[in-house]
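Add chain B with the ligand to chain A, keeping to what the hints say.
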Amino acid sequence: MDKATAEKLRQKAKRIRTGIIEALGLGKPGHLGGSMSAADMVAVLYYYKMNVDPKNPKKPDRDRFIMSKGHSVLGQYAALADLGYYPWEELSRTKTLGGLLQGHPEISTPGIEANTGSLGQGLSLGVGMCLAARRDGAAWRVFVVTGDAELGEGQIWEAATAAANYKLDNLRVLVDANGISAMGRVADRYNVGDADGIAAKFAAFGWNAKVVDGHDVEEIGDALDAADRVKGKPSAIVGRTVKGKGVSFAENTHAYHNKDMSEETRAKALAEING
Amino acid sequence: MSKSSQRNAYGEELLAICRENNDVVVLDADLCGGTQAIQVEKGKPESFYEMGIGEQNMISVAAGLALAGKIPVANSFAVFVGGRSFEQIRQSVCLPELNVKVVGASCGLSDFADGATHQAFEDVAIMRVLPHMTIFSPADAREARKAIRTAVGRRGPCYIRINRNELPDVTAPDTPLEIGKPSLMADGGDVAICASGHMVALSLAARDILAGQGVRARVLNFATIKPLDPAAVRAALGPCPRILTVEEHSVIGGLGAAVLEALADHPLPLRRHGIRDTYGESAEKYERILAKHGLTAERIAEEALAK
Ligand SMILES: Cc1ncc(C[n+]2csc(CCOP(=O)(O)OP(=O)(O)O)c2C)c(N)n1
Numbered sequence: 001m002d003k004a005t006a007e008k009l010r011q012k013a014k015r016i017r018t019g020i021i022e023a024l025g026l027g028k029p030g031h032l033g034g035s036m037s038a039a040d041m042v043a044v045l046y047y048y049k050m051n052v053d054p055k056n057p058k059k060p061d062r063d064r065f066i067m068s069k070g071h072s073v074l075g076q077y078a079a080l081a082d083l084g085y086y087p088w089e090e091l092s093r094t095k096t097l098g099g100l101l102q103g104h105p106e107i108s109t110p111g112i113e114a115n116t117g118s119l120g121q122g123l124s125l126g127v128g129m130c131l132a133a134r135r136d137g138a139a140w141r142v143f144v145v146t147g148d149a150e151l152g153e154g155q156i157w158e159a160a161t162a163a164a165n166y167k168l169d170n171l172r173v174l175v176d177a178n179g180i181s182a183m184g185r186v187a188d189r190y191n192v193g194d195a196d197g198i199a200a201k202f203a204a205f206g207w208n209a210k211v212v213d214g215h216d217v218e219e220i221g222d223a224l225d226a227a228d229r230v231k232g233k234p235s236a237i238v239g240r241t242v243k244g245k246g247v248s249f250a251e252n253t254h255a256y257h258n259k260d261m262s263e264e265t266r267a268k269a270l271a272e273i274n275g
Numbered sequence: 001m002s003k004s005s006q007r008n009a010y011g012e013e014l015l016a017i018c019r020e021n022n023d024v025v026v027l028d029a030d031l032c033g034g035t036q037a038i039q040v041e042k043g044k045p046e047s048f049y050e051m052g053i054g055e056q057n058m059i060s061v062a063a064g065l066a067l068a069g070k071i072p073v074a075n076s077f078a079v080f081v082g083g084r085s086f087e088q089i090r091q092s093v094c095l096p097e098l099n100v101k102v103v104g105a106s107c108g109l110s111d112f113a114d115g116a117t118h119q120a121f122e123d124v125a126i127m128r129v130l131p132h133m134t135i136f137s138p139a140d141a142r143e144a145r146k147a148i149r150t151a152v153g154r155r156g157p158c159y160i161r162i163n164r165n166e167l168p169d170v171t172a173p174d175t176p177l178e179i180g181k182p183s184l185m186a187d188g189g190d191v192a193i194c195a196s197g198h199m200v201a202l203s204l205a206a207r208d209i210l211a212g213q214g215v216r217a218r219v220l221n222f223a224t225i226k227p228l229d230p231a232a233v234r235a236a237l238g239p240c241p242r243i244l245t246v247e248e249h250s251v252i253g254g255l256g257a258a259v260l261e262a263l264a265d266h267p268l269p270l271r272r273h274g275i276r277d278t279y280g281e282s283a284e285k286y287e288r289i290l291a292k293h294g295l296t297a298e299r300i301a302e303e304a305l306a307k
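Here the protein sequences line up with chains A and B, keeping their order.
Following my numbering, the numbering of the first sequence begins with 1 at its first residue and continues without gaps.
Following my numbering, the numbering of the second sequence begins with 1 at its first residue and continues without gaps.
Extracted from the complex, chain A is given alone in its bound form:
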């Protein structure tokens, strides 16, 4: 990846983080932590890797993005707004009655490819899409973002088995390994493994697996490029991340997993993101 592209992606990640704060609004609970930790991966996917067209959201050869950890959709909402799938102003109406942007993603929203929110199902949806693409002889790929605590769901490993069985080299999973669940530290509460452990699990399931710095847009991009060259296997890119990344008081804690913002915390967050 060249320097100019990397710089552009870093700016887009800031835009996404700003959009997350917009979507959180004031006085309503919202998922800051997991949205922020995934923001750089979302930026690389939408502004570098994926073949998508906001003017033609349903174009048949587009790549598909599935936010399996649906609660982290706020960053995806921001990217979609920035790309022009709907006006940026929609973000502030997130989670209001009759609003376009629901608490968890729904395919009625332009740019959203799958309903998620119940954890552990997105990778299976991706397997289904990849099987369909192969049947159609189509070249599009599927990118699924999961959490790390989400990997506690058995269905994830059923999907991992299916993807390897069917040699789905059109499937990528990006794991947001921030080490924190809804209730605390993954390592202390219910250990699904750290980034290396998670990568080892995927490798043992027959996947191409790689650990990256999940906030380094170049590393993420390079790993995604490398995955395109892997044949006969799905790829897992495990991003070592910080929950709440970019907002100091929300970093590395579950306190902002799902919490409302005040005037004060909002101002501080925006200043830090864009400072």
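Take these hints with a grain of salt, some might be off.
[Said to hold, decoys possible] Take a look, some chain B residues computed to stay more than 12 Å from chain A by CB distance:
1) V79
2) K146
3) A211
4) R276
5) K285
6) T296
7) A297
[What the hints assert, rightly or not] Mimicking DSS-like on lysine-lysine, the simulated pairs with C-alpha atoms at most 27 Å apart in a straight line are:
8) K3/B - K268/A
9) K292/B - K259/A
10) K259/A - K307/B
11) K28/A - K285/B
[To be verified] Here are the simulated distance ranges between beta carbons:
12) H266/B - E263/A: 53 to 61 Å
13) S2/B - N51/A: 55 to 63 Å
14) A255/A - G156/B: 37 to 45 Å
15) D53/A - M1/B: 53 to 61 Å
16) A138/A - D229/B: 56 to 64 Å
17) A267/A - G156/B: 48 to 56 Å
18) L95/B - V230/A: 42 to 50 Å
19) D23/B - N51/A: 37 to 45 Å
20) S2/B - A204/A: 51 to 59 Å
No lab work stands behind these hints: they were computed from the structure.
Beta carbons: idealized from backbone N, C-alpha and C, even for Gly.
Quick look at chain B with the ligand alone, frame taken from chain A:
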């Protein structure tokens, strides 16, 4: 009327039960803040098991604990613990009639912000169809305490629905919680309003509206939805010639259906009011989304009179 958090009361009572009985163990799937099982984790950590985000495994592990003599209480949001783990509850718990208590938090519309994926309107229907299951749907904080105590004291599978929000305190210390029988919350002979959970409070408010129109409504609280004793239900209706059921659940398969089935041999005009075969959505306030589905005192009063 004063309000109290139903889930906090549930968590407090669960901790008290765990302190009294070392065989009671509590499991949760990364939502113990939402379910309030966190009170056990904090107050008696040796009785608490974090099971991570894996509800199906949690239920079958609970069944294993029960097979080895423990009384497990497995917690998550209603939508996940009843829905995701349905077949584990069927095969591992209900078929062998094991002593497992399943608690579904954030029931109905009470998780108003998170939207459709987190709002459970089907849990009573799917738990009700399972043989051996007992279903509790407490009306307020105090009744949630009674529900978990009664469930733990009763051998066999139980399911308890818990609301996420503060609810009006409508029951008294001596309001009976008898499995299979509704309790009389307010007398009246013109129409019987059968409700459970938060809808009991709204139905009592609807009764006041109706009183202003000269209609005397009787309000019955169904703290248990299964089993239902048909004779007890009939007796509780008193002289009322018509019935309205009200639930924060689909009208398919929930309280309304249970009452209808209980009265099938002696039918009376019955209207069901609840969520009409649809999914939820996000809202900024609990009251707004309740109103969208007609779950307000005003609307219940109208339904009570509708022909
Ligand atoms: C099946 C299911 N169980 C529980 C939840 C509630 N829940 C939402 S987010 C979350 C924690 C997710 O942790 P992780 O996967 O690590 O995501 P992140 O830290 O990136 O937010 C939980 C338990 C859910 N949405 N779905």
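Each hint tested on the structure:
{"no.": "1", "hint": "V79", "verdict": "7 Å, violated"}
{"no.": "2", "hint": "K146", "verdict": "28 Å, holds"}
{"no.": "3", "hint": "A211", "verdict": "31 Å, holds"}
{"no.": "4", "hint": "R276", "verdict": "17 Å, holds"}
{"no.": "5", "hint": "K285", "verdict": "8 Å, violated"}
{"no.": "6", "hint": "T296", "verdict": "14 Å, holds"}
{"no.": "7", "hint": "A297", "verdict": "19 Å, holds"}
{"no.": "8", "hint": "K3/B - K268/A", "verdict": "34 Å, violated"}
{"no.": "9", "hint": "K292/B - K259/A", "verdict": "25 Å, holds"}
{"no.": "10", "hint": "K259/A - K307/B", "verdict": "45 Å, violated"}
{"no.": "11", "hint": "K28/A - K285/B", "verdict": "9 Å, holds"}
{"no.": "12", "hint": "H266/B - E263/A: 53 to 61 Å", "verdict": "60 Å, holds"}
{"no.": "13", "hint": "S2/B - N51/A: 55 to 63 Å", "verdict": "58 Å, holds"}
{"no.": "14", "hint": "A255/A - G156/B: 37 to 45 Å", "verdict": "39 Å, holds"}
{"no.": "15", "hint": "D53/A - M1/B: 53 to 61 Å", "verdict": "55 Å, holds"}
{"no.": "16", "hint": "A138/A - D229/B: 56 to 64 Å", "verdict": "59 Å, holds"}
{"no.": "17", "hint": "A267/A - G156/B: 48 to 56 Å", "verdict": "54 Å, holds"}
{"no.": "18", "hint": "L95/B - V230/A: 42 to 50 Å", "verdict": "45 Å, holds"}
{"no.": "19", "hint": "D23/B - N51/A: 37 to 45 Å", "verdict": "58 Å, violated"}
{"no.": "20", "hint": "S2/B - A204/A: 51 to 59 Å", "verdict": "56 Å, holds"}
The earlier numbered hints that this structure contradicts are 1, 5, 8, 10 and 19.
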